[in-house]
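Participant: Residues per chain, in single letters:
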Amino acid sequence: MSTYVYGITARSHTAVPEGTTGVGEPPEPIRILTEGDLAAIVSDSPEGLRPKRRDLLAHQNVLAQAEASGCVLPMRFGSVAPDDASVTGVLAERAEHYLERLRALDGKVEYNIKATHVEEAVLHHVMATNAEVRSLAEANRKAGGGSYEQKLQLGEMVASAVKAQEAEDAVAVQQALEPVAAAVATGPESTGWLANVSFLVARDSAQEFLAAVEALRSSHPHLEVRANGPLPPYSFVEPGPAEPAEQAGQREAAAQE
Amino acid sequence: MSVVPAQQTGGGGGSSGLYDVLELVLDRGLVIDAFVRVSLVGIEILKIDVRVVVASVDTYLRFAEACNRLDLEAGPRKSPGLPEIVGEVTESGARGKSKGALSGAAQTVSDAFKQARDEGSEEEQPVRRTRKTATTRRKREEESE
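Listed in order, the protein sequences are those of chains A and U. The opening residue of the first sequence carries number 1 in the UniProt record's numbering; numbering runs sequentially from there. The opening residue of the second sequence carries number 1 in the UniProt record's numbering; numbering runs sequentially from there.
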């Protein structure tokens, strides 16, 4: 029977509540494997496991439960070891590394921020701040809406202004929130957002972070800002630069303006 | 006003807070070489493009129409996206999506998961993400105009 691994934690912090269940149908009971100072949160791996909604939920739910009693290094969904012994083998082999990560992330949680434009509000913003767009719109309106070509010209100009605004707002979102975060990581590649950024936040400063999110919403009414957290530190399990170099460069450029 | 998402996606709605974090569950987190990963075939979650701004004639015309109708004198505070409008959207059923903007608090993951469990009807379907709110919101705008 292969072993599904949810996360790695310190042996002293393995209080997963009685009866917590994991992936599979029926859900597999959660077990704890220990090795030295470390513990792995695991269950049997069901045959033919696929990333179904229920299983993704179960994975996240187990980690959320475990996180309540102490720092957990969350595994990516779907990590399956051949057996229990190979799990404890990995814990033994890389003990120092995992203990270091647990210390580094202790007391910290991840908040994922996604921002989109509220379309009508951003159009308003573009009109209010861009004289060229405003005068063209005015001319079109006086001409009873304008010709097809005039409409296209206005629309294209607006679309490009909105795109520029997206880039500007992406920087604004990060700048507003990173002062209250311990680290920043750009979210997984996905479209549909002008910003998808994760912040590592000390539990103690969670209120401060959420207040900064609220302030961002007030100062940027044309943005819809969604905050999801506290989460296990998915985006921060591996050490390394807190953010891609490209991003740091953008920020420097912004700071020089 | 009509919205033409770049790529329409079907499938389940609701529990949007959950969908917001699933990409982290699938794409972030610790990977250990010695373990195998289950196949992610069928997962569309990372490849969905619903961005409204698309360089197309349709978009340009739509923006032009929208700008012609905008009342600058009313000020941006009259624009949709403000809490009272978000409130309407919430009532119309896109709860998870607008919750954060409404309450100002981060939607806790446990809430999202509880909600998802309560809904529970689409468990057998592969994960899909829809942007219900965006379309709902715009429908509302249409109705209010």
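Hints are computed from structural coordinates only; laboratory data are not their basis. All residues carry an ideal CB built from backbone N, CA and C; glycine is no exception. Honestly, I wouldn't trust all of these hints.
Every beta carbon over 10 Å from chain U, so not counted as near; a handful from chain A, in silico [as the list claims (entries may be wrong)]:
#, residue
1, H13
2, A15
3, E28
4, M75
5, E96
6, R103
7, N112
8, H124
9, V171
10, E178
11, A183
12, A202
13, N228
Distance ranges between label pairs, derived from CB positions [to be verified]:
#, chain 1, residue 1, chain 2, residue 2, range
14, A, A139, U, V57, 39 to 45 Å
15, A, G70, U, S56, 49 to 55 Å
16, A, H97, U, S56, 47 to 53 Å
17, A, S218, U, V57, 45 to 51 Å
18, U, D58, A, A215, 51 to 57 Å
19, U, V31, A, Q150, 50 to 56 Å
20, A, A104, U, V36, 50 to 56 Å
21, U, S56, A, S86, 47 to 53 Å
22, A, G19, U, S56, 48 to 54 Å
23, U, D58, A, E47, 44 to 50 Å
Participant: Tell me, in ascending order, the numbers of any earlier hints that this structure violates.
Facilitator: Those not satisfied are hints 4, 7, 8, 13, 14, 17, 18 and 20.
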